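With the sequences and hints as input, model every part of the structure.
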Amino acid sequence: MTARDEPQTPALTARGLGFRVGGAQILADVDLEVPAGHCLGVIGPNGAGKSTLLNLLSGILRPSAGTIELAGRDVTALGAVARARLGVGRTFQTSSLFPTLSVLENARLAAEARHGTVRGFWHRPRASDEATRVASEALAAVGLGPLAARPAGALSHGDKRKLELAILIASDARTLLLDEPMAGVNTENVEPLTDLIGGLARQGRTVVLIEHHMSVVVGLAETIAVLDSGRLLAHGTPDEVIANDEVQRAYLGQAL
Amino acid sequence: MTIFLSLTFAGLALGAVYFLAASGLSLIYGLMDILNFAHGMFMTLGAYAGWDLATHLPASTPSAVTFALEVLAAVAGGALAALLTEVVFIRPLYGKPLSQVLVTIGLDLAVVALLLGGFGANSLSLPVPLWFLEATHVGSVLLPNADFVALVGGVVVLVALEWFLRRTRFGIVIRAGVENREMVSALGVDVGRAFTLVFVIGGAMAGLAGLLYTAVFTGDLLSPLQGDGLLIFAFIVVVIGGLGSIRGSAVAAVVVGLLQDYANYYGGQHAGFSEIGNLSTVLLLALVLEIRPRGLFGRAT
Chain A
1 MTARDEPQTP ALTARGLGFR VGGAQILADV DLEVPAGHCL GVIGPNGAGK
51 STLLNLLSGI LRPSAGTIEL AGRDVTALGA VARARLGVGR TFQTSSLFPT
101 LSVLENARLA AEARHGTVRG FWHRPRASDE ATRVASEALA AVGLGPLAAR
151 PAGALSHGDK RKLELAILIA SDARTLLLDE PMAGVNTENV EPLTDLIGGL
201 ARQGRTVVLI EHHMSVVVGL AETIAVLDSG RLLAHGTPDE VIANDEVQRA
251 YLGQAL
Chain B
1001 MTIFLSLTFA GLALGAVYFL AASGLSLIYG LMDILNFAHG MFMTLGAYAG
1051 WDLATHLPAS TPSAVTFALE VLAAVAGGAL AALLTEVVFI RPLYGKPLSQ
1101 VLVTIGLDLA VVALLLGGFG ANSLSLPVPL WFLEATHVGS VLLPNADFVA
1151 LVGGVVVLVA LEWFLRRTRF GIVIRAGVEN REMVSALGVD VGRAFTLVFV
1201 IGGAMAGLAG LLYTAVFTGD LLSPLQGDGL LIFAFIVVVI GGLGSIRGSA
1251 VAAVVVGLLQ DYANYYGGQH AGFSEIGNLS TVLLLALVLE IRPRGLFGRA
1301 T
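Residue numbers (my numbering), protein chains in the order written: chain A, 1 to 256; chain B, 1001 to 1301.
Do not rely on the hints blindly, as some may be mistaken.
Partial list, computed: chain A residues near chain B (C-beta under 7 angstroms) [claimed, not checked]:
1) Leu78
2) Ala80
3) Ala84
4) Arg85
5) Arg90
6) Gln93
7) Phe98
8) Pro99
9) Glu105
10) Ala110
11) Ala113
12) Ser171
Examples of chain B residues toward chain A, derived with CB under 8 angstroms [stated by the list, open to error]:
13) Thr1061
14) Val1173
15) Arg1175
16) Arg1292
Simulated from the structure, these hints should not be mistaken for laboratory data. Note that the structure is a prediction, hence the values are computed from the model and not measured. All C-beta atoms in this analysis are idealised placements derived from N, C-alpha and C, irrespective of residue type, glycine included.
Written out as structure tokens, the structure is:
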């Protein structure tokens, strides 16, 4: 449809985004653009406002300044449920799962929510229905098919993170906000999970990724945003960000 | 031995009523973080709804039919009271948990006062079948029929609730909301509807609890204060069982019911102390809080 060199509407845009609680400015003047299919890595020290940024983008928090657009549509006034229905999916730093539900039920809930079919509330979900099919495919895509009947809470850390991705796949979210997807994951699982996330982006999904593993961020992200004390310190390609003087000063010798 | 078996049976029946009262409370807290003090009012209104319906039936109505209709009226009355409470008072206060708790306390006080003013403290009698007052021989033990009714009510609701929560789509949404409400919203599910439904289910069970309590344990006398009396034990059961856990509520309800009956009988007999059942329950609560602060089935979060 659009010519290759024509500038496309970014999948996600934040303009002058700010958030304050009482007198405390948690986030201020954040401008970001993420083109469709790109991955934006968000890094910064603890308390820099990374999770707040994600909460603003997903609609859990309302900004005290600025606007948020999804594919050109202003969604600043919409809440989390409405944004989810517009294709925003997210994970949480702590847990995005339902521990006593089975692995399949976790993914199916996402599929049903997305397709607006928590209709037929009273009906027993049948193995043959559409949501179950979507959920099973999502589990297969992350390699959790054989564990479908297990309670989600019984999975290993790495498998829990995979299930979170399966939930996002089943929900058909096009914009993924991932809050530390590698937290608590064994070293040997980091690479397969990184590949999974990369695969999601290559399929055209837009990803915003908070992550402490710099190798993961550098491997996945087209651009990196550095937050420090609620402000956007730098935003550019991984090379630009790493070479940035201010970033170097803020991290003061920490290995980037 | 005979006495022990009778006590056990009576304790199980009491536990069944505690379960009916506690499970809705537990679901509401688990999903919405609301300590619902209006739950006592749902129970009381359930019992009064049953009584009110019975007074409008022709005298020729068979007593079993009357009781069945009383049960329906109690369930409907509790559910309706809960629906109105949620829609009119709780919903406008989302995001203000303290206000929500306070409004439920205020409602409860107001309704108790209205019932006291309208009907008096202890003057109404709920019509129940004569069969309730008789007893059935099971082996060598004579078991009161009314206890069977309470027990059957509790078991039927437990099975139905477990089925609903595990096998239906909406039940799964409710369980998911209890476990991780933020994520349910993030998936695009409007949990507001789940809030209302959980209130209605909890109110229906509370209404049934109020009616069965009157029919089985109070000598058929209605009191505007009975719901609040039950509510204290329902809260204890919820905390012992673990907030948000239906199975926890069921197990804790049986434990508390049995403990109260054993302690009241043996303790009363040997120590001559009539409130020993209540005291034991509070001691059990303290013990559980000391050892497992999240309750028997509570999850670490």
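Hints and how they fare:
1. For the restraint placing Leu78 of chain A at the interface with chain B, the shortest Cβ-Cβ distance is roughly 11 angstroms, beyond the 7 angstroms limit, so the hint is violated.
2. With 7 angstroms as the threshold, the beta carbon of Ala80 of chain A comes within range of chain B, its nearest partner Cβ sitting at about 5 angstroms, so the hint holds.
3. The restraint placing Ala84 of chain A at the interface with chain B holds, with a minimum CB-CB distance near 3 angstroms, inside the 7 angstroms limit.
4. A distance limit of 7 angstroms between C-beta atoms decides the matter here; for Arg85 of chain A the minimum to chain B is near 5 angstroms, and the interface restraint holds.
5. About 5 angstroms separates the beta-carbon of Arg90 of chain A from the nearest beta-carbon of chain B, less than 7 angstroms, and the hint is met.
6. Proximity of Gln93 of chain A to chain B is violated relative to the hint, the smallest CB-CB distance being about 11 angstroms (cut-off 7 angstroms).
7. Checking Phe98 of chain A against chain B by beta carbon gives a least distance of about 4 angstroms; that is within 7 angstroms, so the hint holds.
8. For Pro99 of chain A, the interface hint holds, the least distance from its beta-carbon to any beta-carbon of chain B being 6 angstroms, beneath 7 angstroms.
9. A hinted interface residue such as Glu105 of chain A counts as satisfied when its beta carbon comes closer than 7 angstroms to some beta carbon of chain B; here the least separation is about 6 angstroms, so the hint holds.
10. For Ala110 of chain A, the interface hint holds, the least distance from its beta-carbon to any beta-carbon of chain B being 5 angstroms, beneath 7 angstroms.
11. Evaluation of the Ala113 of chain A hint against chain B yields a held restraint, the C-beta minimum of about 4 angstroms falling below 7 angstroms.
12. Here the hint on Ser171 of chain A is kept, as its CB sits about 6 angstroms from the closest CB of chain B, short of 7 angstroms.
13. About 32 angstroms separates the beta-carbon of Thr1061 of chain B from the nearest beta-carbon of chain A, more than 8 angstroms, and the hint is not met.
14. A distance limit of 8 angstroms between C-beta atoms decides the matter here; for Val1173 of chain B the minimum to chain A is near 6 angstroms, and the interface restraint holds.
15. A least Cβ separation of about 6 angstroms between Arg1175 of chain B and chain A falls short of the 8 angstroms threshold, and the interface hint therefore holds.
16. Against a cut-off of 8 angstroms between C-beta atoms, the interface hint on Arg1292 of chain B is violated, since the closest Cβ of chain A lies about 18 angstroms away.
Hints 1, 6, 13 and 16 from the list above are not met by this structure, while the remaining hints are.
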